[in-house]
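Peer 1: Each chain, written out:
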Amino acid sequence: MVLKLNQSEFEVDRDKSKCISCQVCVRQCSNDVHEYDEDDGNILSENSKCVGCHRCETLCPTGSIKIKQRESEFKRNANWTPEHLKNIYKQAQTGGVVLTGMGCDKPYPVYWDHILFNASQVTNPSIDPLREPMEIRTFIGRKPDKLTMSSFTEPGSNKVSYKSNLSPQLKLSVPILFSAMSYGSISLNAVKSLAMAASEFGTFYNTGEGGLHRDLKAYTANTIVQVASGRFGVDKEYLNSGAAVEIKIGQGAKPGIGGHLPGEKVNYDVSNTRMIPEGSDAISPAPHHDIYSIEDLSQLIYALKEATEYKKPVGVKVSAVHNVAPIASGIVRAGADFISIDGFRGGTGAAPQVIRDNVGIPIELALAAVDMRLREEGIRHKVSIIVAGSIRSSADVIKAIALGADAVYIGTAALVALGCHVCQKCYTSKCNWGIATQDPYLTKRLNPEIGTRKLLNLLTAWSHEIKEMLGGAGINAIESLRGNREHLRGLGLNEKELSILGIKHAGEAW
Amino acid sequence: MDYKDYTENLNNEFESIGRENIFKNPREKFVSDYRVPSGCAVFGIINENGGLFDGGMVIDGIEMMHDRSNGLGGGFAAYGIYPEYKDNYAFHIFYNDSLARKESENLLQKAFKILYGDEIPTAKVASVANPPIIARYFVSPKNILKGTEGIEKESKVSADAINSAQEEFVANFVSNFNADSCNAFIVSSGKNMGIFKGVGYPEDIGEFYKLTDYKAYIWTSHGRFPTNSTGWWGGAHPFGFLNWSVVHNGEISSYGTNKRFVSGFGYKCSFSTDTEVLTYLFDLLVRKHGIDLNLVNYILSAPLWKDIETLPEEIKEFLTDLRIIYAKALVNGPFSIIVGNNNFIYALNDRIKLRPLVAAKKGELTFVSSEESAIRKVCSNPDTIWSPRGGEPVIVYIKGKEPMLHVSGKINSDNFIERMSGYGNSFAGILK
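Protein chains in written order, with this note's numbering: chain A, 1 to 510; chain B, 1001 to 1432.
Read the hints as simulated data drawn from the structure, not as lab findings.
In silico lysine-lysine, DSS-like type, Cα no more than 30 Å apart, as pairs:
#1 A:K382 <-> B:K1316
#2 B:K1401 <-> A:K146
#3 B:K1288 <-> A:K382
#4 A:K146 <-> B:K1191
#5 A:K146 <-> B:K1316
#6 A:K382 <-> B:K1306
#7 B:K1353 <-> A:K146
#8 B:K1306 <-> A:K146
#9 A:K496 <-> B:K1268
#10 A:K146 <-> B:K1288
#11 A:K454 <-> B:K1306
#12 A:K146 <-> B:K1268
#13 B:K1306 <-> A:K171
#14 B:K1288 <-> A:K171
#15 B:K1086 <-> B:K1124
#16 B:K1316 <-> A:K171
#17 A:K382 <-> B:K1268
#18 A:K504 <-> B:K1268
#19 A:K171 <-> B:K1353
With these hints in hand, go ahead and build the complete structure from the sequences.
Peer 2: In structure tokens form, the structure reads like this:
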């Protein structure tokens, strides 16, 4: 039986009049799309191998290459789309699960794009952030109901003393952190860029379950160390070296399933960092096998707090699923200091496509529901909420905060700043941008100093934009926007969506 | 019976009252669903010796700022006006019609012992149209009277505890009443104080209520300039809750955040006004959390991080904690407020002073006002006159009523701030 197994998705359009056969494209492509024919001095391109990462196009010195989406030659069918057909052909051939990388790319509604932000006119002056103070400092951690003072004035002495009994807090200079991305799933140079940028800007990056590489120990003050179901790289030193600990229960791109780092990616360094034998598969089980219920989670939270002597906030990361609001409530009661919620559009290094595209709910709805539920139960202040799952711009950040988030995690956006073109082939370890790969030939393409600068620029730019939007709304401290849904309006949403988001429709006044 | 049982009893009693909904047929709703931003004039006077004076001066002052209001709301708060009932709660209530009045009075009788009740005397003023029925009652929570005897016998409950349980009962009653009812509205509910307000220019409202017949040691007043709405009697300022009265000029950009914050502590924001949420913030911070009035500005108009950074470690830590814990109580956006209570007057601006506020002192009188003109109108030659900086409060206590220092468990700042000035002027001066 002959099947046309794969139609190529992209087409390399090479302008022969501009091409000087310098072979940059040949050397840059890890997928072997381009081949130099020594006999006639021409470069040939094999379309079917192209993943659309745009590396060759970006680096071509004469601008002769254009990567184009190839028109499908399948019979048009709104139901049996080329994607379904191709997946079936692949599976019929291999019997395997279709893998993919990055976040869900299906055209589900993006609620951020149906929410509009407010600005002041007349009755309330807008504030110019270039001339007036504008504060976006953020604290992550459990807050008490009220200020209590153990001793305020010492009797008989003239000294005033104040002793803080606040739980440990993370201080962020901007309400944006870098998401959990493990060393292993991404290159050490990529992790270094994140760590250095977090450290310089005054925010945090997250180790994922990749352990803590020795080169990253300089940045531990800005590191959130993750404890995931595989427990890779976890020991007392690891826990205590971070500024906070995050227990990973789930990930937005693949709720309910574990992870698998193939043995080929487990080189000497990765093996050392993860504390597993070189070349062995690193398999994270779907659940934590010591957490089969909420009371087990509570035990792990307190075990980690004991291990870190109650000096560090301990958080829990869950993916946004249907029941996320009561789950979050349970997590607060279990003792977590912060909850990270990862929406279904959140990225991944590798996930079964069917899970990524069909499981979980959008972060906008999950956040609104969780914030509302915790507030109704009077426990919202006991926990900070960090949301993730496709925060694409400063506008998404500000909308998330107005919906009730304390801060956001950015993963894909940070990788895009490092050069990622979202070709979704992270699981192949052939990333031409030196990000999602361990191949030394590829990883050296990402210079961590330059990467750091790009990330700093991104944070700086978003901070400016956040301040402009805050000032426009007549607010000069980000805490006054938190949960301030009065500043949001929906556009093109139905009653139910508006009620879940807890916002009015555009055109409705206060 | 100990304090806990006592409070529990009170709550049970309240629950049993609360279940009967007397407002079964809501007609026109008394409150607005929408928040109405407004510009305003505010003016307040205190005699720090507690000397009484009539409403003439405060009316003269607020009238001077006529152009800051548009006739859609004016009002006054007065402290010290009911000395003969000073230990009872004085309720001023608006009724849309006599049915609402009958139903409400039934409810009041169940919950309270009513010592005296009448309609507030008013004068006919051409510009003040369609007033509701305006009644007042001097009341004591009923079961408190019952309970007190038992308590005195066993004398386990202090007078303070009774007082605060009583306050909590009244607070719950008033906020539930106002949230449920559509045709009746409790305007003020404090002791020895009253709020007089309505739709009209403030000077006309003053004449309407014959305020020159009342003598008080604190007067505050408000002229309103709402940007929409036809104006409704309940929405005029001052907003009253227990002994608090708040007049406010501004639009709070942090309204949603603040509202959710106080809601978390059981306050019902049924009037959708900035002033209501400000009042609850004061009640929560000062009455419930026991935070010294002198520290409230470090929460509502918190100092900037860059200023906090420059302070000595201990103060830095304290102010940082205060900002972290009460982040959602930071009031953002332009405002100037005058808060009245039985023992003090308190005026404050937002932290970058986006609305006007002027203060002056002449002998035993202190004035706070939106504009200097109003002060000069009633006091042409004050001893001192100044413009408080953003976030810098004006606090004047009635002499002898200043809070005790070093109350255990309470945050007492007087002393704190004073001693901090030992660090150079930095702490007191950070807002300057």
